[in-house]
Structures are given as structure tokens and as C-alpha cells.
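Engineer: Protein chains in written order, with my numbering: chain A, 22 to 135; chain D, 8 to 119.
Hints listed in this document are in silico derivations from the structure and should not be mistaken for laboratory results. Just so you know, these numbers come straight off a predicted model, no measurement behind them. Ideal Cβ positions, reconstructed from N, Cα and C, are used throughout, including at glycine. Honestly, I wouldn't trust all of these hints.
Here are some of the chain A residues that sit facing chain D, going by a computed Cβ distance under 8 Å [to be verified]:
#, residue
1, Ile77
2, Ala101
3, Gln121
4, Thr123
5, Gly127
Computed spacing ranges between beta-carbons, pair by pair [as the list claims (entries may be wrong)]:
#, chain 1, residue 1, chain 2, residue 2, range
6, A, Ile77, D, Asp61, 26 to 34 Å
7, A, Ala101, D, Lys118, 41 to 49 Å
8, D, Gly8, A, Val117, 13 to 21 Å
9, D, Thr27, A, Arg84, 25 to 33 Å
10, D, Thr78, A, Asn91, 36 to 44 Å
11, A, Thr28, D, Lys75, 22 to 30 Å
12, D, Ser65, A, Ser86, 27 to 35 Å
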Amino acid sequence: DTEVTQTPKHLVMGMTNKKSLKCEQHMGHRAMYWYKQKAKKPPELMFVYSYEKLSINESVPSRFSPECPNSSLLNLHLHALQPEDSALYLCASSPVTGGQGTQYFGPGTRLTVL
Amino acid sequence: GNSVTQMEGPVTLSEEAFLTINCTYTATGYPSLFWYVQYPGEGLQLLLKATKADDKGSNKGFEATYRKETTSFHLEKGSVQVSDSAVYFCALSHYNNNDMRFGAGTRLTVKP
Numbered sequence: 022d023t024e025v026t027q028t029p030k031h032l033v034m035g036m037t038n039k040k041s042l043k044c045e046q047h048m049g050h051r052a053m054y055w056y057k058q059k060a061k062k063p064p065e066l067m068f069v070y071s072y073e074k075l076s077i078n079e080s081v082p083s084r085f086s087p088e089c090p091n092s093s094l095l096n097l098h099l100h101a102l103q104p105e106d107s108a109l110y111l112c113a114s115s116p117v118t119g120g121q122g123t124q125y126f127g128p129g130t131r132l133t134v135l
Numbered sequence: 008g009n010s011v012t013q014m015e016g017p018v019t020l021s022e023e024a025f026l027t028i029n030c031t032y033t034a035t036g037y038p039s040l041f042w043y044v045q046y047p048g049e050g051l052q053l054l055l056k057a058t059k060a061d062d063k064g065s066n067k068g069f070e071a072t073y074r075k076e077t078t079s080f081h082l083e084k085g086s087v088q089v090s091d092s093a094v095y096f097c098a099l100s101h102y103n104n105n106d107m108r109f110g111a112g113t114r115l116t117v118k119p
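Whole structure, please, built from the sequences with the hints as guidance.
Structural biologist: Here you go:
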């Protein structure tokens with residue numbers, strides 16, 4: 022089973038709201054990722070967690086706050102977002118940390134910021 | 008740094024036509040190479056992969072061969088179906104990168 026699940030599937034929020042995106046995998050993978058994908062573009066890396074520790078933060082604004090409560094869960098907390106943050110947010114996991122592994126993606130959360 | 012270049016399209020084919028989507032890469036050593044497919048409104052699905060030179064990845068009638076000498080990983084399918092309409096991303100992973108490096112994506116539309 023190579024399933025990564027994400028909730029919610031769709032999210033609409035105002036610029037003053039606080040919301041969270043959730044990602045879950047039960048494959049025992051030790052690397053988890055958040056990507057942002059704008060329309061007609063490839064995914065762009067936001068954060069990498071290795072063994073539940075944040076290892077990469079690709080200069081993402083502080084209004085995005087990741088959290089890895091355990092080895093199966095990854096959250097992305099959202100606060101005071103801007104309309105340009107509207108995008109598809111993808112979670113991925115990999116059995117291999119440090120690159121060169123296969124990444125398995127979830128279905129994504131489509132976020133609209135009004 | 009490591010990067011992937013793929014034909015951007017869009018590509019429009021008739022059902023049962025032959026498909027080729029070109030992908031070339033730049034990297035040191037031996038990266039792992041992937042093709043992902045994204046259907047409308049969905050996330051990325053792993054289509055196939057190859058982890059060393061001359062490996063052929065295959066799945067659902069799609070094939071790609073890891074060519075070290077030409078640094079390429081072209082995607083092919085002998086007979087496309089309407090259900091193959093999607094965006095296809097070539098990608099690489101490497102021990103000196105934590106992320107998957109994606110090409111720009113190629114939108115394929117198959118008409119009946």
C-alpha cells in the first residue's frame with residue numbers, strides 16, 4: 022500500500038482565518054514533504070521532515086507553520102494567508118531520507134484564500 | 008545543480024496514436040528518474056521509475072528507459088486512450104537534494 026491521505030480536499034478561508042491541513046501515511050516512511058503547486062506549474066518544495074524533525078524550510082513565509090506530531094502525521098498550519106497563497110498543497114512521503122528515494126504523493130488540498 | 012527539461016506541449020493526439028514525451032536531465036552521478044501523472048483535479052501519481060542506467064520502467068503500457076549516454080528518460084506509449092489525458096511530469100531525485108526536481112510538465116489531450 023502506497024497511500025498518502027490528505028484532508029480536507031478543499032478549503033476556502035479568509036485572510037484572517039486560522040486553518041490546518043493534515044497529511045497521513047502508514048507506510049513507515051521517515052521522510053515527509055509539503056509542496057505547493059500553482060496552476061499549470063510543477064510542485065515547489067516548502068518543507069521536509071526527516072525522522073519527525075524539520076530538515077528543510079525553503080524560505081517559506083512564517084504564515085505557513087509545519088508540524089510533525091508523529092512519524093505518520095504531518096500538519097500545515099495556516100494563518101493570515103494572502104490571496105496569492107491559493108494553490109494545491111501536496112503532501113508526499115518517502116522511505117528514504119536525504120534524497121534519491123521515491124516520493125509518494127497524496128491527492129492534495131485545494132486552498133482558496135479570499 | 009540538478010534539473011529536468013521536458014517538452015512542454017500541449018500535446019494533442021488521436022486515440023490509438025503513439026506517444027513520446029521527451030525528458031532530459033542534468034545531474035552528477037546517477038540520479039533516480041521518475042514519471043508522474045496528474046489527472047485533472049488530483050494529486051501526482053507515480054507512473055514509473057528507473058534507478059540506474061539502462062533500466063526500463065514500465066506501467067499501464069507506458070515505458071521509459073534510463074539513458075545515461077544521452078541523459079534522457081523519454082516516456083512512450085504505443086497506443087494512447089482518452090483516459091490517458093493528463094499532465095505528465097518527468098522528475099529526478101538525487102542524494103544531494105532533498106526534493107524531487109520536476110520538469111515543467113506536459114499536458115496530453117487524447118481525442119476520440
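Engineer: If a hint holds in the structure, say so; if it does not, say that too.
Structural biologist: Right, here's what the structure says about each hint:
1. Satisfaction of the interface hint for A:Ile77 is found here, the shortest Cβ-Cβ separation to chain D being roughly 5 Å, below the 8 Å cut-off.
2. The restraint placing A:Ala101 at the interface with chain D is violated, with a minimum CB-CB distance near 26 Å, outside the 8 Å limit.
3. Annotation: A:Gln121 was flagged as interfacial toward chain D, and the flag holds, the nearest CB pair being 5 Å apart, inside 8 Å.
4. Annotation: interface hint on A:Thr123 holds; nearest CB of chain D at approximately 6 Å, less than 8 Å.
5. A least Cβ separation of about 5 Å between A:Gly127 and chain D falls short of the 8 Å threshold, and the interface hint therefore holds.
6. Distance hint check for A:Ile77 and D:Asp61: the Cβ-Cβ separation is about 32 Å, which falls inside the suggested range of 26 to 34 Å.
7. In this structure the hint that A:Ala101 and D:Lys118 lie 41 to 49 Å apart at CB holds, the actual value being about 45 Å.
8. Evaluation of the 13 to 21 Å hint for D:Gly8 and A:Val117 yields a pass: the beta carbon distance comes to about 20 Å.
9. D:Thr27 and A:Arg84 have their C-beta atoms about 42 Å apart, which leaves the hinted 25 to 33 Å range violated.
10. A hinted range of 36 to 44 Å holds for the C-beta pair D:Thr78 and A:Asn91, which are about 40 Å apart.
11. For the pair A:Thr28 and D:Lys75, the supplied restraint of 22 to 30 Å is violated, since their beta-carbon distance comes to about 41 Å.
12. Evaluation of the 27 to 35 Å hint for D:Ser65 and A:Ser86 yields a failure: the beta carbon distance comes to about 41 Å.
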